[in-house]
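Student: Here is what each chain is made of, one letter per residue.
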Amino acid sequence: MSGNLLHRQPILRRPDGVGGALPALTLITLFFVVPVVALLLRSVTEPVPGLQNYATLFGDGTYARVFLNTFLVATVVTAVTVIVAFPVAWMLAIMPPALGSIVFGIIILSMWTNLLTRTYAWMVLLQRTGVINRTLMDIGLISQPLPLINNLTGVTIGMVYIMLPFMILPLVGTLRAIDPMTLRAAALCGASPFDAFRRILLPLSLPGIAAGGLMVFVMSLGYFVTPTLLGGTSNMMLAAMIAQMIQSLLNWGLGSAAAFILLLVTMALYALQLRLVGAKRMTGGI
Amino acid sequence: MLLDYDRLGWLRAALLGFTGLVAAFLLLPVVFIVLLSFGSSRWLAFPPPSWTLKWYEELFADPAWLEAALTSARIATMAAILAVVIGLLASFALVRGQFRGRNTLRGLLLTPMVLPVVVFAIAIYAFFLRIGLGGTTAGFVIAHTVLALPFAIIPITAALEGFDKTIEDAAIVCGASPFEAKLRVTLPAIKIGIFSAAIFAFLASWDEVVVAIFMASPTLQTLPVKIWGSLRQDLSPVIAAASSLLVLLTLSLMIVTALIRRKLSK
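Just so you know, the sequences run in chain order A and B. Heads up: the first sequence at position 5 corresponds to 5 in this note's numbering, and the numbers run straight through without jumps. Heads up: the second sequence at position 33 corresponds to 33 in this note's numbering, and the numbers run straight through without jumps.
Worth flagging that the hints you see were computed from the coordinates, not collected in a lab. Hints should not be assumed to be uniformly reliable.
Computed Cβ-Cβ distance ranges for the label pairs, DEER-style [said to hold, decoys possible]:
{"no.": "1", "chain 1": "A", "residue 1": "Leu264", "chain 2": "B", "residue 2": "Trp43", "range": "43 to 51 Å"}
{"no.": "2", "chain 1": "B", "residue 1": "Phe99", "chain 2": "A", "residue 2": "Arg275", "range": "21 to 29 Å"}
{"no.": "3", "chain 1": "A", "residue 1": "Ile102", "chain 2": "B", "residue 2": "Ser50", "range": "30 to 38 Å"}
{"no.": "4", "chain 1": "B", "residue 1": "Thr166", "chain 2": "A", "residue 2": "Gly105", "range": "31 to 39 Å"}
{"no.": "5", "chain 1": "A", "residue 1": "Pro47", "chain 2": "B", "residue 2": "Thr136", "range": "26 to 34 Å"}
{"no.": "6", "chain 1": "B", "residue 1": "Thr136", "chain 2": "A", "residue 2": "Asp138", "range": "50 to 58 Å"}
{"no.": "7", "chain 1": "B", "residue 1": "Arg262", "chain 2": "A", "residue 2": "Leu269", "range": "37 to 45 Å"}
The C-beta atom is built at its ideal place from N, Cα and C for all residues, glycine as well.
Just chain B, with the same shape it has in the complex (with noise of 0.2 Å):
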């Protein structure tokens, strides 16, 4: 009976009790991260002795963590758009297309999201240098698009598999033309891939920090970068203020998600 949850007996309880201590485990850094940012230790003493706002206060005074947060969402933005429109009509290639190395053709598409970063770095960044694209938005766009577009065909590619072909050519059969079939009856039917697509796209390239590490300018650079620069100076309660943010952030994007994959199925 061991895949009945009632009928597991005393097994439940052992097992239930290992599931809870790994919950713990995951949340553990995420709640400690959030808890010391408001203690007063510059040590990262904990508990803390008292509890302030002066990391935030102190984040908010230096512009370079806006401007750094504000690079990474431009960047974001603009890949997670990029990365999108291609994924979406290479998926539709990829899954209705009937030619030779269809297969073949995924597999090089979904390669950047194997392939170590490390590798895609510094290959990119020796190109960009030869091309003139170094430490450049447009270099960073390009790069980010690259390693984001295995996020956006992977989702939409399972939506476009499971939507049923046929509804499309009655569409047609009804007078649409082939492309008002697919803008009217197929997009919106594969909006939860779609939608999908864009978050992971954005975060691949929100949280990325290899390429941007080797990429960045004294004048360009992202939020990880900045974060990653200063870890590596010391372990100041500021970047506990800036990564409690990110959890914030993060957490609204866990609820937005689900509230619009509710709207969107219904």
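Just chain A, same shape as in the assembly (with noise of 0.2 Å):
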């Protein structure tokens, strides 16, 4: 009946068409596409029309070792957090919904700290007289402070920080959807609690891990306020370089030439990841 009476009236069938999203095409159009390209045509036009940018960037030594530390940090930074954060998205699975909802709310507070205030704390703990250093001196593990700030340890443990609930969150939900009975029959088929975590828990969460490593990954070369603030500047990370080069240097043209190697590098690991999840899964994520 109901069905009729739909199918008689087209206007009810009629789904919303492309025109709601107009205003927001217009907007990222103009003030993202347009300024975006813009600026990537600057890499290939100033000071001269050519490649000679690029040939900097890769012919020099020093930029090469920022390419490179860049990766190096990106890596440490993802590997450290999907160590730390596997364990706690998986207690935070099964734990009772009380205790759970502490953490979770811990993990919120700590994500929607303004980040200069984070990385902030960070600068005072790390710093040669502060909190952590004099606490290890006190208990005698160490006898001169360490080096904790303005190298690329320090920018380590600032990253992964923030990096954390980003690789806990979405592990939680892929850790949830696996059916707590195949861990069951691998015990009932006697595999031991390491097989089973390696041959089923491990394999069965796989994707989360991948995803969400790759948004870490993606999120730490990019990233230019925490590096900026607790790494050092002999070792400096793209971004922080990318903006040095337009801020204080004035030179637009290698700025943007970096800016563009950053980008295409950028959009290639997101392409794989929305492969990996599909665009559905990665949307649906907050």
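Both chains come to you apart, so use the hints to assemble them.
Tutor: Given below as structure tokens:
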């Protein structure tokens, strides 16, 4: 009956058109696509037309070191984040809700606290005379303060801190979606806990680990604030170098060439991630 | 029995202990900064020799801090409203539209979330210098709306996907106009998604540092720019006081969000 009724009134079957997306499309085209493309054009037109900016970037050892640093930090941060996040996500997936909501609350509080506030705290905590060095010296583990800031150690600690929630939260979803019966079956068939972990739990959570890890890696590659404040001048990362080329050196050609390389790598990895998890899963993440 | 909380055995103690350590790690800087803001040592010695409110007095004595906070609030409010309205309209097309390239469009509208902010920051900085929007409130609002848009679209499309369209159709069958049906049936049904969108979009602008650093002018700076500027000079405890107020704001926002979500979902 009702199907029939709907059938007779074509207006109900008419889907919403593309029209609603027009304001968003206009905004993004005018104030995102056009400025970014214009910037990228400057990399091949300034100071003179040609590819000399890219030749400089790839030919100079200083820049090669920045690229290497950036990949190194992003890789280490991703690896540490995955290893630390997995057990936490595992517990959160099966914990009693009362206990779990406390941990979730702490994760959200950390995630929503102003980025500069968190980075400032780490600057104070990690400095030469900071709490961490003082404590380690007091209990006699070290006799000299450890260099924890203005180097890659500081950057790694600060970045892992910021990335952890982005890894834990999606991973909880992945782990909750695993049917506990599969593990019970493994135990019944005589698998040791270690075997069950290695051959069932880990492989089943691999899609979540891959998706989250890729996201953390991509975010780390282009991160600006934390590496700039916790890192040293001698081991700059790519985003900081781009900002410096534009802001201090006013070298728009070289800066936009470096920006283009960062954009290219990021977008390639983003495309890979979309293929891995599908656009739907990605966008349902929050 | 690895996914059975009650049958994990010794592993449960180990995993719980580890989870507790990570939770402490996540909580450490937040608690530390609040304690530090009441400490009397200018050199941020910890534990502080004595307790004081002088950093808060210094903070409130400097009108630049309050002004920066108000600027941030103004820009974030405008950006959040724009992002939610534009995002809401776009979400209907993205979820229900049947046209070629729908997934491409979705990807495009979400790209500002993925592209490293520093690339967008220098691009929009150069662009606004050229068209005369550099260092203006309008420029700030536009740039932040672009960055906030994905954070508005994601929760709204998720809510809309979970909403049964036949209910909206039923309203039309009962005589409502399509617009009326959307306004009075669909929007109330997805209000939690819209509410999340508003919170996320506001935070995306309120916390935004990189674009703001490039766009700021001596007469127009947001709170993150003010903090950034102070951080680059020294690690003054006044920043700890400002940071503690931001932590307080985050906490209140979390509580209000939880309360409103509970109320809306009834």
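Student: Hint by hint, say whether it matches the structure.
Tutor: Results of checking the hints against the structure:
1. A:Leu264 / B:Trp43: 43 to 51 Å: For Trp43 of chain B against Leu264 of chain A, whose Cβ atoms are near 45 Å apart, the range 43 to 51 Å holds.
2. B:Phe99 / A:Arg275: 21 to 29 Å: holds, 23 Å
3. A:Ile102 / B:Ser50: 30 to 38 Å: holds, 32 Å
4. B:Thr166 / A:Gly105: 31 to 39 Å: holds, 37 Å
5. A:Pro47 / B:Thr136: 26 to 34 Å: holds, 29 Å
6. B:Thr136 / A:Asp138: 50 to 58 Å: Given range 50 to 58 Å: holds, Cβ gap about 52 Å.
7. B:Arg262 / A:Leu269: 37 to 45 Å: holds, 38 Å
Checked against the numbered hints above, the structure breaks none of them.
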